[in-house]
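Residue numbers (the working numbering), protein chains in the order written: chain G, 1 to 284; chain B, 1 to 284; chain L, 1 to 284; chain R, 1 to 284.
FYI, nobody ran anything at the bench for these hints, they're computed from the structure. Treat the hints with care, as some may be off.
Which copy? The list can't say, so a pair holds if one copy fits it or any two copies do.
[To be verified] With a straight-line cut-off of 25 Å between C-alpha atoms, the simulated DSS-like cross-links for lysine-lysine are:
1. Lys252 with Lys263
2. Lys87 with Lys252
3. Lys89 with Lys279
4. Lys252 with Lys90
5. Lys89 with Lys252
6. Lys97 with Lys252
7. Lys187 with Lys148
8. Lys252 with Lys279
9. Lys87 with Lys187
10. Lys148 with Lys279
11. Lys187 with Lys89
12. Lys187 with Lys97
13. Lys263 with Lys89
14. Lys187 with Lys263
15. Lys187 with Lys279
Spelled out, the chains give:
4 protein chains.
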Amino acid sequence: MSEQSYRLTISCPDRVGIASAVSGFIAAEGGLITEANQYRDPVSNWFFMRQVIAADSLRYDADELQNRFATIADRFDMTFRVTDSSKLKKVVLMASKQAHCMSDLLYRWRSNEMRFEIPCVISNHDDLRSYVEWHNIDYVHLPVDADKEAHFAAVEAQLEAACPDVIVLARYMQIMPPHLCEKYAGKMLNIHHSFLPAFVGARPYHQAAERGVKLIGATCHFVTTDLDAGPIIEQDVVRISHHDSIEDLVRKGKDVEKMVLAKGLRNHLEDRVLIHGNKTIVFE
Amino acid sequence: MSEQSYRLTISCPDRVGIASAVSGFIAAEGGLITEANQYRDPVSNWFFMRQVIAADSLRYDADELQNRFATIADRFDMTFRVTDSSKLKKVVLMASKQAHCMSDLLYRWRSNEMRFEIPCVISNHDDLRSYVEWHNIDYVHLPVDADKEAHFAAVEAQLEAACPDVIVLARYMQIMPPHLCEKYAGKMLNIHHSFLPAFVGARPYHQAAERGVKLIGATCHFVTTDLDAGPIIEQDVVRISHHDSIEDLVRKGKDVEKMVLAKGLRNHLEDRVLIHGNKTIVFE
Amino acid sequence: MSEQSYRLTISCPDRVGIASAVSGFIAAEGGLITEANQYRDPVSNWFFMRQVIAADSLRYDADELQNRFATIADRFDMTFRVTDSSKLKKVVLMASKQAHCMSDLLYRWRSNEMRFEIPCVISNHDDLRSYVEWHNIDYVHLPVDADKEAHFAAVEAQLEAACPDVIVLARYMQIMPPHLCEKYAGKMLNIHHSFLPAFVGARPYHQAAERGVKLIGATCHFVTTDLDAGPIIEQDVVRISHHDSIEDLVRKGKDVEKMVLAKGLRNHLEDRVLIHGNKTIVFE
Amino acid sequence: MSEQSYRLTISCPDRVGIASAVSGFIAAEGGLITEANQYRDPVSNWFFMRQVIAADSLRYDADELQNRFATIADRFDMTFRVTDSSKLKKVVLMASKQAHCMSDLLYRWRSNEMRFEIPCVISNHDDLRSYVEWHNIDYVHLPVDADKEAHFAAVEAQLEAACPDVIVLARYMQIMPPHLCEKYAGKMLNIHHSFLPAFVGARPYHQAAERGVKLIGATCHFVTTDLDAGPIIEQDVVRISHHDSIEDLVRKGKDVEKMVLAKGLRNHLEDRVLIHGNKTIVFE
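Excised from the complex, chain G in its bound form (with noise of 0.2 Å):
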């Protein structure tokens, strides 16, 4: 994880030589592979891959890798990306009054267990700002009221000001405009406290609760314009018994929030969330 790498991720329709034009590139090119994975859709007969190149294997960097690579993308209709593993990505923290799911994040951050920026977090309540503060981290409140217009012309003023590379909803509890949705497509995460598709919406424990259902869980998903709809990327459940009340599931279910969230954001950032329509690729 820690020396310098270059990421390759690769999307493209299926046929025979793709893994042989991209490891012959690599190799002609003198990189070291450390990490390799790939995937063939049988269904829609589409090709998912990546490749991690040691950095230092390479006579130049990660802009130039990509202008090289592009002849071979071109011959086979490739999407495709390569990141800089020392290029910390942006990363927003967009929360409102709990604090579960950010605090969890920040210890992460802090401790240098999960490396990104954090250019601001934003919230429409002003309760999480000492903590986050104490990481010196700016913290920017913007209240919703009865116009929510405001709060999201706000909202994206602020998000366009931080450039980020990633948009983490960390039990914001508004519903994102659908423009916003489709503007950070791919680059906003949301926690969902349920095991989606079931409990959908609003207060899932309590959904829970009513069902009588045996396990609780907690859904990282892509955020689409379709609430608590889009691309899954991470999914995780706990027991519960008829001796738990709401609030003993409310309890439970936050540290499976907590779990799921980081391990969606860490595949995320580094590079192993591939999306294919409504579904994710996840080469871990």
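Once you've looked at the hints, dock chains B, L and R against the given chain G.
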């Protein structure tokens, strides 16, 4: 487990003194309690209890225990039940073509891992006959044709002849008619091949693949007139990934189905499952 | 959880009539039981019980409950204890350099997810001072040099001053001397970063990598004079693969450590953990 | 899974250009890659690869693929292997009295969930004969008396006659002599009823109960001359509590054993398991 015992299960409105009255009664009779559970639902203020009493600590049998306890039950408006662990329950298994749940239950039965009697296996197909008959169990083939009513009339007649304590729909792929659901309310268990309430109805693994979930599950529940909506007894999940085809989902799901059904049935056979509205209390 | 209650925990040799005597006593006092668990160990023939009584159903406080119950306790040779849920336990946290368990517990504490008092944090390093002090908690730095005896004398003095109900070794990387283990027997919890009894002692993740296991785990246990051999309160595991480096094992393991320690401590704080020889009864 | 394919597995010292050479070779032959995995162990600097090639994309069979690939293999000092998915492996199952793993594997075999041939079942007891023979599989009873050498000579003769690709010790309760471990190195799988390395040797569930662990497990590993110390293929665990007697541990453990053995064997049959020293690479 193996020593004879009487199981007393109780539900009633909660008030001070119930536990005292019950355990006082048992102590006065000289009963040795080997297992005891109780639960108070704070929302409905309802009380649930399960007591297991060593049979040889009493001077009489389960019927007499039932008679003597009636006075206590009256005082507290209890619904209660006494069962004798040495009287094996009669379990009718119903299946269609798929063998995984049937095979699993038959293994647990013949190895004495789970103790019950099997008056017969009922199926709308003949596929599982040879396997079932190897166990010296009656196999009743009741085909389904255009006239579903005829099928269910035959099923009902067969069930009446068998006098089952429990009916297990071990991947029986027909929707049970309402009057049979009601007739065997609280006695008929189904295994549904999804993590309910997600993916109700037909082809849940196809629905799961379509939605791109990262876990699939199974649910053991009591059958009610609402399809796949009865009280849930047990659920579990297994992790899947983009690599898994529908075929893989079906295969992985089968293992979860088997385990969930076996665990749900075991708990039900041991009188650990109490129904409360559309939920269950499971005293494990 | 949030309403005041008294918790009565009991252990004694089993015989007929104990549950009756206890619940009879509670009923006679007008006590409303909101939660109750009991267990009989068939091997040692020992009886364990936990009763939770709504405080407002009694006309007196926990001390008086303790006094009144003593008669019952004498009759059955009981070891017993009454605690008041509104009297928060004093928990001294001890750590070294690693922040993950400390941060996790402090989050749960400041968000009121777990309720206890923290007289101070003791560490043999100064690394966590700023973070702990942000919470307005005393941070006591007691360095370890060649003279370990001096360190532990200082620790002991500090502990005596703090009068802790519980001491949590939240990745405190020093071996506690026998006389402190004995002094705080049943009150000192440790988190060990392996699935005990596998990989006792130092560098368990390295041991795990060396052996090529497919799961790693963590264990919360009471500290005794035998290193990593005290009664186990809670354990859990996480899946790893050949892809995971030692660094990955450490990272994944930290999440399990946090969860296992938090769950073990929660159960201990709620008086759910009873010690029986070198094992625990955990009434969940 | 169901379409014919060739599986190429490779291990060799890592250097630039291996992936390129392999995929270049496959592309030049017109091979369609349907699945591909690779791994580089950064500690030993060793390279591992598994490629699955659609059989109908090549103009020749697996033997010819093996011949043609030899040139590449020589260049990189590869150990490699080509298998044909349509040539079912011959798996000899060995058991003693316990039926759970045997029944589970036979179910998976007869339902075509796992595809392999069973030349015979070998047991030192006669208990499982009737069940095995119902499947039309040869049952070879080789009793063990004082003369263990005679038993193992008979086992060896039987194995030689069967020419197995794989030998599965499905709860065969005899310690395999060193010369057989060596003769079938990398081909003989065992299921051990504990989470290794905890509880090596006899009666692991009793050891687990004695230690008071909160999870029990099972381990599928290659048999080597060191008892229970060979390369681990798969492991899993299940939660237990103080309520569980030894009998319960055995029962719960059986379910884990079955699942772990089936998963380990499936991966081995699909040539997903590569051995590296005392560890395994499992390409899932």
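Each hint tested on the structure:
no.	hint	in the structure
1	Lys252 with Lys263	both (17 Å within a copy, 10 Å between copies)
2	Lys87 with Lys252	between (35 Å within a copy, 24 Å between copies)
3	Lys89 with Lys279	within (23 Å within a copy, 35 Å between copies)
4	Lys252 with Lys90	between (30 Å within a copy, 24 Å between copies)
5	Lys89 with Lys252	between (30 Å within a copy, 22 Å between copies)
6	Lys97 with Lys252	within (18 Å within a copy, 28 Å between copies)
7	Lys187 with Lys148	within (22 Å within a copy, 52 Å between copies)
8	Lys252 with Lys279	between (27 Å within a copy, 20 Å between copies)
9	Lys87 with Lys187	within (17 Å within a copy, 46 Å between copies)
10	Lys148 with Lys279	neither (30 Å within a copy, 39 Å between copies)
11	Lys187 with Lys89	within (11 Å within a copy, 45 Å between copies)
12	Lys187 with Lys97	within (23 Å within a copy, 35 Å between copies)
13	Lys263 with Lys89	within (16 Å within a copy, 34 Å between copies)
14	Lys187 with Lys263	within (16 Å within a copy, 34 Å between copies)
15	Lys187 with Lys279	within (15 Å within a copy, 38 Å between copies)
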